[in-house]
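> Make the full structure from the sequences, and use the hints.
Keeping their order, the protein sequence lines are chains G and E. What the first sequence shows, in the working numbering, is residues 1 to 181, in sequence order. What the second sequence shows, in the working numbering, is residues 1 to 117, in sequence order.
Check each hint, because a few of them may be wrong.
Derived lysine to aspartate or glutamate pairs resembling EDC-like cross-links, with alpha carbons at most 16 Å apart [to be verified]: (1) K41(E) to E20(G); (2) K41(E) to D42(G); (3) K53(G) to D14(G); (4) K41(E) to E46(G); (5) K35(E) to D38(G); (6) K10(G) to D38(G); (7) K41(E) to E16(G); (8) K41(E) to E56(G); (9) K41(E) to D14(G); (10) K53(G) to E16(G).
Just the calculated beta-carbon pair ranges, DEER-fashion [as the list claims (entries may be wrong)]: (11) A151(G) to A75(E): 45 to 55 Å; (12) A116(G) to P34(E): 15 to 25 Å; (13) A71(E) to D140(G): 57 to 67 Å; (14) E20(G) to V66(E): 25 to 35 Å; (15) D148(G) to L70(E): 40 to 50 Å; (16) N57(G) to R81(E): 37 to 47 Å; (17) S65(E) to E113(G): 17 to 27 Å; (18) Q54(G) to E27(E): 43 to 53 Å; (19) R60(G) to P38(E): 19 to 29 Å; (20) S162(G) to S31(E): 20 to 30 Å; (21) G23(E) to E145(G): 16 to 26 Å; (22) E110(G) to D19(E): 18 to 28 Å.
Simulated from the structure, these hints should not be mistaken for laboratory data. Beta carbons: idealized from backbone N, C-alpha and C, even for Gly.
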Amino acid sequence: MNSSPSSPPKRHRDFEALYERHSREVWAVVYARWLNADTATDLTQEAFFRLWKQWENGERIVNPRAWLMRVTRNLAEDHGKSAFRRNGTHPPQTMNGVRSKEPLPLDRLERTETFAQVRNVLGELAEGDREILTLRYALDYSAQEIADVLAINATAVHMRLSRARQRLGERLTAQGVTQSV
Amino acid sequence: MRNMERPPLEVIAGDRSADDVDGLLREFFRSEMPKSWPELKLPAGPGPEVGRGLRVPSRWLLAASVVLLLATSLALTASFREKQGTAVRPSSRSTATRAFPLPAEKQAGVPAANSKQ
Chain G
1 MNSSPSSPPK RHRDFEALYE RHSREVWAVV YARWLNADTA TDLTQEAFFR LWKQWENGER
61 IVNPRAWLMR VTRNLAEDHG KSAFRRNGTH PPQTMNGVRS KEPLPLDRLE RTETFAQVRN
121 VLGELAEGDR EILTLRYALD YSAQEIADVL AINATAVHMR LSRARQRLGE RLTAQGVTQS
181 V
Chain E
1 MRNMERPPLE VIAGDRSADD VDGLLREFFR SEMPKSWPEL KLPAGPGPEV GRGLRVPSRW
61 LLAASVVLLL ATSLALTASF REKQGTAVRP SSRSTATRAF PLPAEKQAGV PAANSKQ
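Shown next, in the form of structure tokens:
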């Protein structure tokens, strides 16, 4: 889609369509970086806000998806630098393990524990692995859709996804979360 | 004939335990995503056609600023050189004389008292 400014009501509608089309994958890229849903939501809004400012300034962006991905990755990196200033060496995702004082039902407790282990294991993987896993399992993207987002070919997606999944599976098995792969 | 269509990604992963991992991952990531997707929030403000006047792309403003800065610095440099030229020329000799006055005996060509001949 060639993003070019137009009359304001149409511009709003076009931008909303762009948001609807790409906001989830932007969210997924940030989530893969920080494993924090709130951070992903905030930075997604910021990325689209910056794109909107470009539109308001009359800037033409030929490939808004690529632009969004680039800006999103920069925002995620900048967030890391400011997070270090706020939290020291503790990354934001450690706060996800903070528990409520209310006792949880057993099944919910077990699920929470399992998900905490999954999050820890994901944190040990390379960011590239997390990205591809997030796009696949959070958004149910096909190999071609993932290839379009990451600007690689579908064959590379299959290969990288298979390896990432294997690495993750091995670590989950080692921690007793799943049976051997 | 060979089937060129790639199988689903889950089948590539392998056996039944692979399905467990897939199911777990899907459940995990879905639980992490917002339950209702956040609405787009755009800043409220007047559109470009309401009271903004002339809209100039930022790159043109930047170029104009750079040109103005260069022109101003050149003008200041030229002005400074002019003033320096008029200020230095009339007093250059008198300044040199005052800075390095010759002793009276050398001025008259008389050798110094300690000099060996």
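> Decide, hint by hint, whether the structure agrees.
Cross-check of the supplied hints:
1. K41(E) to E20(G): Answer holds: K41(E) to E20(G) is near 12 Å, not above 16 Å.
2. K41(E) to D42(G): It holds: about 11 Å lies between the C-alpha atoms, which stays within 16 Å.
3. K53(G) to D14(G): holds (14 Å)
4. K41(E) to E46(G): holds (9 Å)
5. K35(E) to D38(G): Status holds; Cα separation ~12 Å.
6. K10(G) to D38(G): Answer violated: K10(G) to D38(G) is near 30 Å, above 16 Å.
7. K41(E) to E16(G): holds (10 Å)
8. K41(E) to E56(G): holds (15 Å)
9. K41(E) to D14(G): With Cα atoms ~14 Å apart, K41(E) and D14(G) stay inside 16 Å; holds.
10. K53(G) to E16(G): holds (14 Å)
11. A151(G) to A75(E): 45 to 55 Å: holds (49 Å)
12. A116(G) to P34(E): 15 to 25 Å: With Cβ atoms ~19 Å apart, the hint holds.
13. A71(E) to D140(G): 57 to 67 Å: holds (59 Å)
14. E20(G) to V66(E): 25 to 35 Å: The hinted range 25 to 35 Å is violated for E20(G) and V66(E), with Cβ atoms some 40 Å apart.
15. D148(G) to L70(E): 40 to 50 Å: Check passed, 45 Å falls within 40 to 50 Å.
16. N57(G) to R81(E): 37 to 47 Å: Between N57(G) and R81(E), where Cβ atoms are some 41 Å apart, the hint holds.
17. S65(E) to E113(G): 17 to 27 Å: violated (59 Å)
18. Q54(G) to E27(E): 43 to 53 Å: violated (37 Å)
19. R60(G) to P38(E): 19 to 29 Å: holds (27 Å)
20. S162(G) to S31(E): 20 to 30 Å: holds (24 Å)
21. G23(E) to E145(G): 16 to 26 Å: holds (21 Å)
22. E110(G) to D19(E): 18 to 28 Å: holds (19 Å)
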